[in-house]
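Engineer: As you go down the protein sequences, you meet chains A and B in turn.
Under numbering that gives the first Met the number 0, the first residue of the first sequence carries the number 0, and numbering increases by one thereafter.
Under numbering that gives the first Met the number 0, the first residue of the second sequence carries the number 0, and numbering increases by one thereafter.
Errors might be hidden in some of the hints.
[As the list claims (entries may be wrong)] Each computed DMTMM-like pair below joins lysine to aspartate or glutamate, with the alpha-carbon atoms no more than 20 angstroms apart:
| no. | chain 1 | residue 1 | chain 2 | residue 2 |
| --- | --- | --- | --- | --- |
| 1 | B | 198 | A | 53 |
| 2 | B | 198 | A | 10 |
| 3 | B | 198 | A | 120 |
| 4 | A | 152 | B | 153 |
| 5 | B | 236 | A | 105 |
| 6 | A | 152 | B | 150 |
| 7 | B | 198 | A | 13 |
| 8 | B | 236 | A | 53 |
| 9 | B | 218 | A | 120 |
| 10 | A | 153 | B | 153 |
| 11 | B | 236 | A | 120 |
| 12 | B | 236 | A | 1 |
If you are wondering where the hints come from, they were derived from the structure by calculation, not from laboratory data.
As the structure is a computational prediction, the values presented were derived from the model and not from experiment.
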Amino acid sequence: MDEQYILRQEDLVDNPTARVPICLVLDVSSSMSGKEIAELNEGVQMFFNAIRSDDVAQYAAEIAVVTFGATVEKVVDFMAIDRQAVPALQANGATPMGAGVELGLDLLEARKQDYQRAGVDYFQPWLVVMTDGEPTDDIKGAARRIQDLVAAKKLVVFPIGIGASANMTTLGALSPNRPPLRLLGLNFKEFFSWLSRSVSRVSQSTPGESVALDVEGIKAWSQI
Amino acid sequence: MSRSSYQVAGASLVGRSHAAEQTPCQDAFGHTRKADMAAVALADGAGSRAQSQHGANAVVNTMLRLLRKDFDALYAMCAHDTAVARQFIYERLMRSLRHRARRLGCEVNALASTLLFAAHKGDRFLAGHLGDGVIAQVGADGTASTLSHPENGEYANTTYFVTDPGAQDRIRLYHSAKPSQVTGFALMSDGCAESLYQKRSGACGSAVGRLVAWNRDLKRSEIASALAANMAQVFTKNSVDDCALVVLSVPQAAPLSDPPVS
Chain A
0 MDEQYILRQE
10 DLVDNPTARV
20 PICLVLDVSS
30 SMSGKEIAEL
40 NEGVQMFFNA
50 IRSDDVAQYA
60 AEIAVVTFGA
70 TVEKVVDFMA
80 IDRQAVPALQ
90 ANGATPMGAG
100 VELGLDLLEA
110 RKQDYQRAGV
120 DYFQPWLVVM
130 TDGEPTDDIK
140 GAARRIQDLV
150 AAKKLVVFPI
160 GIGASANMTT
170 LGALSPNRPP
180 LRLLGLNFKE
190 FFSWLSRSVS
200 RVSQSTPGES
210 VALDVEGIKA
220 WSQI
Chain B
0 MSRSSYQVAG
10 ASLVGRSHAA
20 EQTPCQDAFG
30 HTRKADMAAV
40 ALADGAGSRA
50 QSQHGANAVV
60 NTMLRLLRKD
70 FDALYAMCAH
80 DTAVARQFIY
90 ERLMRSLRHR
100 ARRLGCEVNA
110 LASTLLFAAH
120 KGDRFLAGHL
130 GDGVIAQVGA
140 DGTASTLSHP
150 ENGEYANTTY
160 FVTDPGAQDR
170 IRLYHSAKPS
180 QVTGFALMSD
190 GCAESLYQKR
200 SGACGSAVGR
210 LVAWNRDLKR
220 SEIASALAAN
230 MAQVFTKNSV
240 DDCALVVLSV
250 PQAAPLSDPP
260 VS
């Protein structure tokens, strides 16, 4: 084909990649100290690295991290993944999961508003909640917000229990559509590997395409 | 250069995400022309629906038959009462989809697709749109503008389909009788729109005017090659989705046989 009939870059438009906002809400209470927090740190680092090395997901995925323990704090804010640094998480304090989840939901909502203001398309936000125990605060407000958002198809939520002490009944209040899953041993890396693959699949989905979860892949990290 | 007859051309190519999964291109397009009218149509089959490429084909073929046979009646309906026109189009499309579903042995929902069309006859044009993708029109100065914007839900992977409940109310219809102002149309699926339509501003890139001009000026084999080359080298590079584009250039000489309006 004659090159003069190939459209030039300056005649085309440049649209930003549609984003998948993901908020990790992680338990860093004192009961997570030792091997648990070390494995969680490695898993989170691996998640970021896996997203960075994915051709599509690196431009689509935007990740924030909230921890709940001695304090509830946003330790990683939404921004381009190549500019993000993940701090080493330290275990300390109680388990204020309700406040952690509320902060995660607030961050996702604010990010959606940023996208709307900037004219950037986005996919359903994802919330991942990981805990090894029992909340020490009231989670009713957080659970109600999640139920409303999930019912309106405005949120995808993954509550994950760590170890035998995780109260799966309580976690179930944060998971209206499917039962919460318990991590198999300390298979954080397998979980975050599965999560990054799932994000990659969603970021390539097209209108009308509902992305089914990779159930076989879940077996690598969960006691189903 | 100007031509005294309608020129139509189109192309489609499977996107990278579907190529990787070895699923077929779910975008369909088509065109029809007579001495005094021409029409183009395009449909984008829903991503997760197993037979949506068949639905997209049925929608395109049905719409083109309707426009070729009943342009005058449809135009009059639009001018008089767009709700009646929407219902008329919707019923014809659903009848065709139900027939296709019976032949394929599937649910009608498995044939979900969007709809875009544009037709020109004499001094009038008629266009319609349901779902995402873009309809662009090109003015006498060669500049493209957006006639119909994509309609998505809140999320990037949501839109509206012919088979959705209440779809007839979402069909957007456009009609006009200003021949000097329109020299062509381009219909594009959302895959091509990634390269040709600025979502933030709702404006079309200058490439759209260029494509309509090429369609007007080049031989049919040349424009077919140009569209195919741009599918492979431009549009599918900028999107993982299937890509389809169809263009219609309106003759700039006097229309051949437009019936007088009494």
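Engineer: None of the hints should be skipped; say for each whether it holds.
Structural biologist: Status of each hint after checking the structure:
The straight-line distance between the Cα atoms of residue 198 (chain B) and residue 53 (chain A) is roughly 25 angstroms, outside the 20 angstroms bound, and the hint therefore fails. Our distance criterion of 20 angstroms between C-alpha atoms is met by residue 198 (chain B) and residue 10 (chain A), whose separation comes to about 15 angstroms. Among the hinted pairs, residue 198 (chain B) with residue 120 (chain A) is consistent with the structure: their alpha-carbon atoms are about 9 angstroms apart, no more than 20 angstroms. This hinted pair checks out: residue 152 (chain A) and residue 153 (chain B) have alpha carbons roughly 10 angstroms apart, not beyond 20 angstroms.
Annotation: proposed proximity of residue 236 (chain B) to residue 105 (chain A) is violated, straight-line Cα distance about 36 angstroms (limit 20 angstroms). Between residue 152 (chain A) and residue 150 (chain B), the direct Cα distance comes to roughly 18 angstroms. Compliance with the 20 angstroms bound is thereby established for this hinted pair. Of the supplied pair hints, the one linking residue 198 (chain B) and residue 13 (chain A) holds, its CA atoms being roughly 9 angstroms apart against a limit of 20 angstroms. Note on residue 236 (chain B) and residue 53 (chain A): the hinted pairing holds, with a Cα-Cα distance of about 16 angstroms set against a maximum of 20 angstroms.
With a CA separation close to 38 angstroms, the supplied pair residue 218 (chain B) and residue 120 (chain A) exceeds the 20 angstroms bound. Of the supplied pair hints, the one linking residue 153 (chain A) and residue 153 (chain B) holds, its CA atoms being roughly 9 angstroms apart against a limit of 20 angstroms. For the proposed pair residue 236 (chain B) and residue 120 (chain A), the alpha carbon gap of about 19 angstroms is at most 20 angstroms, so the pair holds. This hinted pair checks out: residue 236 (chain B) and residue 1 (chain A) have alpha carbons roughly 19 angstroms apart, not beyond 20 angstroms.
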